[in-house]
Amino acid sequence: MAVRAFSLAGHLHMKTVGALSILRSKKQYYFAIDELNSQLLYYKEEADLVAKREPVGVLPLANAAFTILEGNDRTFVLHSGEKVVELEAPNPESCECWLEALSHRALSSQRKRRRLRSPKTRKERKKCPSESDYGPVEECNLVPPLTGRKYSCSPSHVSSDMALSVLEKKFNDLEPIARSHSSGIEDGSTDRVLSELADGNLDEWVSKWLEQQKFSGDDQRTDSLHSSTATSPYRSAEGSTTGSERASNEELHHLRFISNQQKKRIHELIREKTMLRDQAMAFRQRSVDNPTDARDTVVSQNRFLNSEIIRLNRQCCEMQEDITRLTQELRDAREVIDRSRREYVFALQSAIRIPLHDNNALDVMHVKLLGGDMHKHRICQLMSEARANQPSLPTLQSLLNGVYVDMFGFRHKYTDESLAIHYMAMQLHEYYQSRLDSYFEHKRRWKAFLAANETIPITRETRALVRGGIPSSLRATVWRFLIHQRISDKKELYGRHYFRNLCSLQGGERDSMFCASHQKQINLDLLRTMPNNVHFMSANCKGVSQLQQVLRAFCLHNTSLGYCQGMNFLASTALLFIGPEDAFWFLVAMTENFHDKSYFDDNLAGAQADQEVLKELLEEHFPLIAAHLNSLDIDLATITLNWFLALFFDAVPFNTLLRIWDCFLLEGPMVLFRFALALLGLNQDEILARGDTIGIMKVIKAAVRLTYDVEGFFKLAFEELGELPSRNILRSKQLGYLEQLNQKLSQRQQIRSIQSLTGSESSEGCNFSISDVFFSQFDSSICYVIAGNQNHGHIGVITIQDGKAAMNLMDTEFDCRVCSFVLVREDMAFAGLISGYIIALHLQDVEGYILWELKLPDAPLRLHCADGRLFAALANGTLTVLENITEWSPTCLELLHIPLGPAPLVDVLSDGGEICIATACRLVRVDASTLTTVSTTYVACSSAGGSTPFFDKISCLAASPMGIFLCTANSTLLQLWSHGDCQLLFDVAFDHLRRQAGRYFYTI
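Residue numbers (numbering that gives the first Met the number 0): 0 to 1003.
Accuracy of the hints is not assured; some may be wrong.
To be verified - Quick list of the computed label-pair ranges, beta carbon to beta carbon:
| # | residue 1 | residue 2 | range |
| --- | --- | --- | --- |
| 1 | N790 | G711 | 53 to 61 Å |
| 2 | M669 | D810 | 18 to 26 Å |
| 3 | R443 | T323 | 22 to 30 Å |
| 4 | W887 | G912 | 22 to 30 Å |
| 5 | A387 | E34 | 44 to 52 Å |
| 6 | S437 | Q683 | 27 to 35 Å |
| 7 | G711 | S768 | 52 to 60 Å |
Hints are computed from structural coordinates only; laboratory data are not their basis.
All C-beta atoms, glycine included, are put in the ideal place defined by N, C-alpha and C.
Starting from the given sequences, assemble the full structure and let the hints guide the process.
Given below as structure tokens:
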């Protein structure tokens, strides 16, 4: 077992540092510092050290280094070779003690190892034995022990050898001292120093040691003999001393040999001392003889050292400059890499397209990425790196499985892998943008502004802040500021608890009016508002109950306006960031502050007036687009009206929508004109490339949904677009158009009142009147009869079997008259109500139930289905188109509206590749695929085929292989039209049997 000597010992907790260090726990061991071997040993228990058992482990202290853990004053780390361990002491004081002792032992071990590696030391150790050559003093024996030996060897010779070793050490210590003195002294003091060191110290010590050695041998021998004699009387009396004397002589001979060796060594040391004195004298003589040379040598050495210092200093400066330069290059390289990553993921966003096929529903997107799976692997790698800092980012698998929900609550599921990669690229771009220094500076400015101001006035500073975007973490706070400062007077008027009072209001006139007028429509729209958001997915979701609460409270607050189109989208978007009460006040601000009361009325007069103003601005800033739309007879309002009503909800990406809302809440509705013009201007080339109505509508709706470049969009809206008319000028234009619209609406309302009065008089005395009969094109034995009045509506089913007919009423009853009906499948039909609803019905024999309902801008007077599209002829002169009607439930934002005139559209049907619409006295032909107006024919009729024609409104149309038959009101003529020409006039008022053919048939 190796000899060990311990200085510091105690309990420490140890843990090996490595790749799995987090999973490892610290274990307690008993540690001890081995002074002889420069090692740190550790045992399981203190008893193992006391019992001199083998340690559990050994940590060499040679070349060991120590580090301290920040924030933990009881722990330090020991680095020994390739092994790194973490040691924890019971308290900070113990840790400091251990650290100081270990670092001191490591330094001592390094110095000792350097001395052992010195050639001179090895040479001197060969000349003279040292303490280690003889082992410990207590165990040293030069002569092996003999059995029955009566004389023992004294350890004096060991002491002598140890003394020689000390003498050698002292002599060796003289050389560096002499050199240090001789190199720093130029005068004759060198010899004096050497003489004092050599003569004074060494001679005195040697002389004392020799005197001690002179008598030590005899005394020891005498003592040994006396001791031997005294202890062995029996052997002396017998005279058997031969063996003992021989052993004694051998021992004396050996001692004499050792003494001679010591004296010889002393003479060698004296000789070396004399030689050293001579060298010192010679050096002194040279210094005295040539002081200038010595001085020059010293000066030369100093000059050399100074030049070396300057060179090293210059080298250090250059290295520092290199470090600074390389650090900057590294920083620049990282910025280039980050910028390349941002530009790469941003470029991937432009790879998405919405194919504009005839029957496309505008929600089918396609991404075409070249390079195979290269982009997939690259995006997944970038996303993995980003998720290390932001785990809320999606993974490809979570998007494909439909389990990823973003920060706003929208659930994303993709069946196409390329679409999932595109979405990941979008999220990565937002992540990289949020880590820019400019973003942190912008956020800091926002926090400083909110801390220093209680309100957010409209100033240049606030415009710049809001147009730069409100940080996500501050958006709820800023929106609440902006909403409440708009309606502070209203809140003060109604009181603090006004919203709670409205929510708790039950019964009464206002509640009854709400239940009768708005509750049904609100309940229908609740689950259709944000069906892919986890807050609004089912009736049990918190967002749905809050949305219902907000809409009901608003209807009770504003009974004259109530619930109207688009309010559910406004309230639900607000609820994603603010509470129900704040969302209620937001609706109040929208209807009473941002807009006037006409904006959301039944006719949407205020919103229609804004569309006329937008047309003027479009002619000024983008005249090519305006001229192109006018040439195709496309009303811009059919595209942009919902942008203004719902604040671009479901028109642009959600992040772009939030930026638009930020500006709207601060600057008001005037910024909506800028955003609408910017969206049209961004897609000018795509609009001009299309030459058909439905193509332009689709390309605009599809293009604005791909507005992912928010910064480019805002730059065009606020910088490149130029100045718009002032608020006062825009307001005056709005009022002018509003007055014109009100006059037209008033005239239309008067005409409707007269027609309604006439119809009520004609149907007086009849509870139910038949409005239409529809034969099934799938089963000739089934016929549907539409009947009802202003308060009730029914659909009857007539079945013909074996020559017998039977009629049964469907279980489904409507609260108003059914004015139109169309069968699209054997088990599916659509019904149009006079209240403005279109209802999808599932049919099964004589039973039917409602699939979904949708509110239209006006009553659908006629429904027609062709090529998977549903055409609704509305009473306000608009042709509404619903695409893919058998596959999904649309919303009001996904309809296509084509205005054909102010008069109601009374009928619509297909004629070859065209759609024919009857409105007033006009027969309008529209291309079935492009919805572009092909021709407009004014129908002339005359009573009894007279020569004086007059115009009257068309009452009905009927398709035939020869053309289209039509009838006009207040006329007995039946007309046949084909390819824009009237082919036949037939007067039904004449007696067909008694008159000649030429008298009642008129061929044109």
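Results of checking the hints against the structure:
no., hint, result
1, N790 - G711: 53 to 61 Å, "holds, 55 Å"
2, M669 - D810: 18 to 26 Å, "violated, 52 Å"
3, R443 - T323: 22 to 30 Å, "holds, 28 Å"
4, W887 - G912: 22 to 30 Å, "holds, 26 Å"
5, A387 - E34: 44 to 52 Å, "holds, 47 Å"
6, S437 - Q683: 27 to 35 Å, "holds, 30 Å"
7, G711 - S768: 52 to 60 Å, "holds, 58 Å"
Going through the hint list in order, the structure does not satisfy hint 2, though it satisfies all others.
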